[in-house]
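Chemist: Next come the chains, spelled out residue by residue.
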Amino acid sequence: MIYDFFYKLFGSDIIAALIQSLLPLFIFILPYALFAVWWERKVSAHMQDRLGPMRVGWHGALQPIADIFKLFQKEDIIASDTDKVFFNIAPVLVFVGSYAAFAAIPFSSVFIGSNLDLGVFFIVAVSGFSVAGILMAGWSSNNKYSLLGAVRSVAQIISYEIPTVIIIITIVMVTGTLNLNTLSEMQSGHFWNWMIFGGPGSGVTKFMLIPFMIIGFGIIYISTLAEVNRTPFDIPEAESELVAGYHTEYSGMKFAMFFLAEYANMFAVSALVAALFFGGYQSPCGYLGNLFGLKWLIPIEQLFWFTAKGLFFVFVQMWLRWTLPRLRVDQLMNTCWKYLIPLAFVNLIIIGLITLI
Amino acid sequence: MAFKTEHMTLNMGPQHPSTHGVLRLELELEGEIIKAVKPHIGYLHRCFEKHAEAMTYPQVIPYTDRMDYLSSIYNEFGYAVAVEKLLGIQVPERVEYIRVIMGELQRIASHLVAIGTYGLDIGAFTPFLFCFIDREKILSLFEMTCGARLLYNYIWVGGLSHDLHPDFIRSAKEFVTYFRPKVKDLNNLLTYNKIFIDRTANVGILPLETAINYGISGPNLRASGFEWDIRKDDTYSVYNKFNFDIPIGKGLQGTVGDCWDRYYVRILEIEESLKIIEQALKQIPEGDVTSAIPKRIKPPVGQVYSRVENPRGELGYFIISNGTPNPFRVKVKGPSFVHLGVMNELCKGHMVADVIAILGSIDIVLGEVDR
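Same order as they appear, the protein sequences are chains A and B. Using the working numbering, the letters of the first sequence map in sequence onto residues 1 to 357. Using the working numbering, the letters of the second sequence map in sequence onto residues 1 to 371.
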């Protein structure tokens with residue numbers, strides 16, 4: 001849709017594709033990351049009886065921009081014993097992993113980077129891509145803390161992808177589609193059509209699904225939390241143990257890329273959860289556009305609802321971060337392999353049986 | 001064919017976010033499992049004991065402040081008690097009461113830092129700031145009394161530098177009523193958190209026998225289940241006039257003497273200190289706080305060992321006098337230094353993350369380890 005527009009405008013498919021792929025970065029990810037950094041600092045400050053940044057702009061709103069400028073100016077330190085090639089590629093790879101996921105996220109019924117039939121699958125696949133970047137960063141830094149952090153991170157992300165994927169399979173089993181846009185369309189209408197409330201069906205099956213959908217949501221939320229390395233699963237970057245984990249040796253813009261990737265990833269997984277369980281871009285209570293007969297208003301409203309849902313889950317992530325302590329590596333693995341995966345499998349089987357009836 | 005493997009040596013510190021100062025730990029790792037821990041100290045050495053030989057007795061007091069900078073008042077307290085014992089002087093009742101009030105306030109402040117930073121080590125950021133907000137209130141009470149917030153030089157040999165501020169008693173009472181419910185909040189936020197318990201219970205177990213063999217004292221010894229408190233068992237000042245309990249570790253969440261017990265004993269001690277402060281504020285007599293300060297301190301030839309219950313454990317001063325205004329020798333037996341010795345014993349077989357948990361739970365202050 002967007003591609004066609006730019007194709008007509010410039011008459012060149014390369015330019016159109018380029019613009020299309022850069023759009024989410026400038027329209028959404030960068031402003032969102034700036035906002036999220038400020039927001040995280042504000043949320044944490046108010047939770048801890050502080051004010052947080054107050055000097056730059058209204059209530060410190062321009063603080064992230066000042067920080068970005070600071071990071072631009074910083075010297076890009078590459079320690080002498082690093083493996084330079086991998087050291088330079090790693091932050092790009094990590095960023096690419098989280099950035100590519102945005103291609104398949106449906107912000108509204110018309111604004112979707114690429115309306116893939118395998119949308120969910122694509123997101124899971126490219127998010128896994130950043131694992132390679134993290135391992136590269138940890139290994140090439142030639143720092144023991146980085147290495148430990150990277151090894152932990154890889155083990156963690158790969159383990160927690162399993163419960164995530166099982167829950168996604170559950171949803172796919174119920175809806176019969178991997179296309180996130182179709183998935184969101186299926187959940188249209190009011191909020192009781194959302195997957196967490198048993199989906200668009202009706203009758204006994206819908207009500208039987210509700211408790212298992214809630215369990216599924218719990219599992220996928222916990223495991224996505226672990227995939228983006230947030231507390232209580234922020235073991236790879238455990239500040240008190242490993243200083244900063246795999247990005248200990250990075251400075252300047254390379255560090256900023258890891259940072260940006262983390263926040264982009266936070267939104268990507270939140271968006272995925274929102275699209276799977278909470279109706280995606282669908283409004284919970286009808287559209288103003290329908291009410292007033294303004295058709296062009298609907299996509300904008302959808303964009304609003306989608307962002308609101310995504311940001312809500314990002315907020316919950318921040319909330320957890322500033323409340324909970326951190327697990328230990330073995331406990332983290334126990335949680336995944338001993339509790340989440342078996343539970344997710346049982347959930348899968350039960351939901352499968354329910355849909356069969 | 002077996003591969004030749006070797007252990008990885010990891011240097012933790014001296015610049016590390018959670019070694020509580022400039023401690024360097026040499027960890028020998030097999031994967032993430034600790035094989036041995038070797039603490040390297042001395043990065044903060046300031047020759048306190050040698051300095052003291054060149055100073056007159058009152059001039060040593062500011063140096064004692066700087067040893068364990070989280071419990072400065074108590075270091076002065078211990079030193080003053082030792083020199084008074086050497087001189088054989090009695091100090092007025094009011095001075096003793098004020099010393100006890102200040103000492104217990106300092107104990108609360110010190111334990112708040114211990115608890116807060118322990119939460120930070122485990123990964124919980126918020127309790128740390130909550131603790132610091134309350135600690136600030138205690139520091140304001142100190143500031144009201146003697147103008148300093150960290151290094152006081154308040155307790156002098158034979159007396160105090162200032163009497164209490166006229167508003168102090170009221171403010172201190174207000175603080176006690178304000179602070180009581182805060183401990184409950186802290187318990188809800190951190191102490192009984194499932195993740196926190198998982199991280200600390202059954203980790204770094206210090207059996208009573210090992211604790212005694214290593215000379216552990218204070219909250220760490222009590223957490224191993226031994227009721228030993230110098231305030232009660234070898235009483236000094238006016239501690240025998242107050243009614244308080246000695247909390248010991250009971251292994252509520254795991255085994256007796258684990259990290260959680262060491263943490264929880266400190267929480268309970270805060271409550272006991274509040275009790276003492278409340279009683280002392282009620283009973284405090286009137287009087288002059290500077291009357292007993294000797295004009296010239298020149299103790300007779302002799303030596304003395306005197307110990308007090310510092311927030312971290314037994315703080316002992318061994319002073320030799322050769323009859324001059326300068327001490328011949330001031331030797332400090334500090335709890336942090338002694339407690340650091342047991343690190344290797346505690347950490348063996350645990351994981352890297354546990355080293356942080358254990359180090360935080362024995363609550364050392366590097367200023368006093370190195371002196």
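If you're looking for bench data, these hints aren't it; they were derived computationally from the structure. The model shown is predicted, which means the values in this text are computed figures rather than measured ones. The beta-carbon is built from N, C-alpha and C at its ideal position, and this holds for glycine as well. Don't take every hint at face value.
[As the list claims (entries may be wrong)] Below, computed lysine-lysine pairings styled on DSS-like, alpha-carbon distance capped at 30 angstroms:
no., chain 1, residue 1, chain 2, residue 2
1, B, 35, B, 50
2, B, 250, A, 144
3, B, 348, A, 144
4, B, 38, B, 4
5, B, 194, A, 338
6, B, 35, A, 144
[As the list claims (entries may be wrong)] To spell it out: a stretch of chain A is covered by chain B in this simulated footprint if at least three of its residues, at any positions, have a beta carbon under 8 angstroms from a beta carbon of chain B; those stretches are:
no., segment
7, 42–49
8, 126–140
9, 290–299
Chemist: Of the hints stated earlier, which fail here?
Modeler: 1, 2, 8 and 9
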